[in-house]
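S.K.: Listed below, chain by chain, are the residues.
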Amino acid sequence: MHTLLTSAKTETFKIFSNKKYVVLFFSSVFVSLFASSVNLISNRKLGGPLLNNATIPAFVLNFMSSLFIPLFTIMLTSDLFSGEISDKSIIMSLVRPITRNKLYVSKILAIGTSLFVLLLGTFIITEIASFIGGNISYCLEKLPFYIMAYVSAIVPILLLAIITAFFAQFTRSSSLTVIIMICISLLISTLTIIFPEVTPFMPTTYLSWHQNFYSSLNFTKIINELLYILAYGIIFTFAGSYLFYQKDI
Amino acid sequence: MQTVGKDENMEKVLEVKSLKKIYKNGRGISDISFYIYKGEIMGLLGPNGSGKTTVMKAITGLIRANEGTVKICGKDISDNFEEAIKNVGCLIEKPSLIGNLSCYNNLKLISGYYRNTDIARIDEVLHITGLTPYKNEKVKTFSLGMKQRLAIAMAICQKPQLVILDEPANGLDIEGTKELRKIVSYLAKKYMISFLISSHQIYEVEMLCDRILILQNGKMIDVCNVKSVKDMGLSLEDYFIEKIRPV
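Protein chains in written order, with this note's numbering: chain A, 157 to 405; chain B, 102 to 348.
Some hints here could point you the wrong way.
Claimed, not checked - Among chain A residues calculated to face chain B with C-beta under 7 Å, some are:
hint: 1; residue: LEU160
hint: 2; residue: THR166
hint: 3; residue: ILE171
hint: 4; residue: SER173
hint: 5; residue: ASN199
hint: 6; residue: LYS201
hint: 7; residue: SER242
hint: 8; residue: LYS244
hint: 9; residue: VAL251
hint: 10; residue: ARG252
hint: 11; residue: PRO253
The set of hints was computed from the structure by calculation and includes no laboratory data.
Since this is a predicted model, take the numbers as computed values, not measurements.
Note that the Cβ used here is the ideal one computed from N, Cα and C, for glycine as well.
Work out the full structure, taking the sequences as your base and the hints as a guide.
M.R.: Below, the structure is given as structure tokens:
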């Protein structure tokens, strides 16, 4: 456990010192402030806001989780696995007293931690933005739902990181892993359009799982989808860590 | 098994037996067996592609051997990797460092993997490797030689019993190479740390190592005592060329 946590800490440090992470963090701050500013300006000039101020956290989370965060998760995961293998920097971690399986899990944990910090930062900024010029009582009413949505948003993101880590085991180039993941996403999207009946079985279906927490909670749907996420998570974690264990560096 | 020039009862830090690793392209190493004793410096010599790095990678578990065993301080790396690798510090291929962190923080991060590492030890290894004046500087601003020194500091930070260095003088200038030689000799003598060093700089090997292992085409062709070679009136270079010359 000690080595797992130490390794997770080391990997998190690596992510925090990554310029991509800093750029994404400031992008999320920018999106939050932009949404809030547009609302304030439209309120003054057009006589009413474009968005309900209280829904800014949901708007930003949807925007971020539909494009920025998945793309960033894929890039980050491919950097931590195939990227480190290609530039051999993974050797620094592999020659420490930690098994490969623990190292694999610690990298996933580090991705989860850093994205959680990102979501937390975004949540705080968007909440402040929603309170400025918004209906305070309505904002407070929505607050518990948004806390749940932001916390739960990490679950589908982790699944995406786990799937990316699995595919990263087949390449020694981080950009190739990103391309593979984009191709797989396109393929899945095409499949779900041609054969809608396969949609529930596709892992990408559950990437918007957090949207279940925006208003009234349908527990049956939430648990049902969570089980799918867990099943895919377990399968891809075992398969990925097995391939990582076997890999020659 | 070849055990030249040392007492069989001496403590073996590394035991490699019948090591074999064949890559998909058919190249690799086979039937590699040797020991390294406590405080001994062993050189690994061989032409390009002879399998030096493969041997080092198999010892540190970076590649999975097809056959054979590797024991570090009596612990098999395939059965008890964490316990075995605890005793090893290494620099393989190129220094793997976190560029955005300072020299000190790189060492601090690595020492976290080892339960008993004292924080004061970081200052000690910085002093040994001559990096104390640069301890707070970001590693991305370092020259290759300084990175190499930091990688050596990282390799010795947890007081390992065995240090594996793959081409450690790469990128070092004349002064840096001399410094490296001094550091290795000092650690071997003072702390009884054993070293396995691969290098193409045969004069360095001759000056530094107690024994050498010669590899060619993935096979071990000789293990010899450097002093014995000198006693024969040969330079290590002549001996090496004689050994690898096709019959």
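S.K.: Provide an ascending list of the numbers of those earlier hints which the structure does not satisfy.
M.R.: Numbers 1, 3, 5, 6, 7, in rising order.
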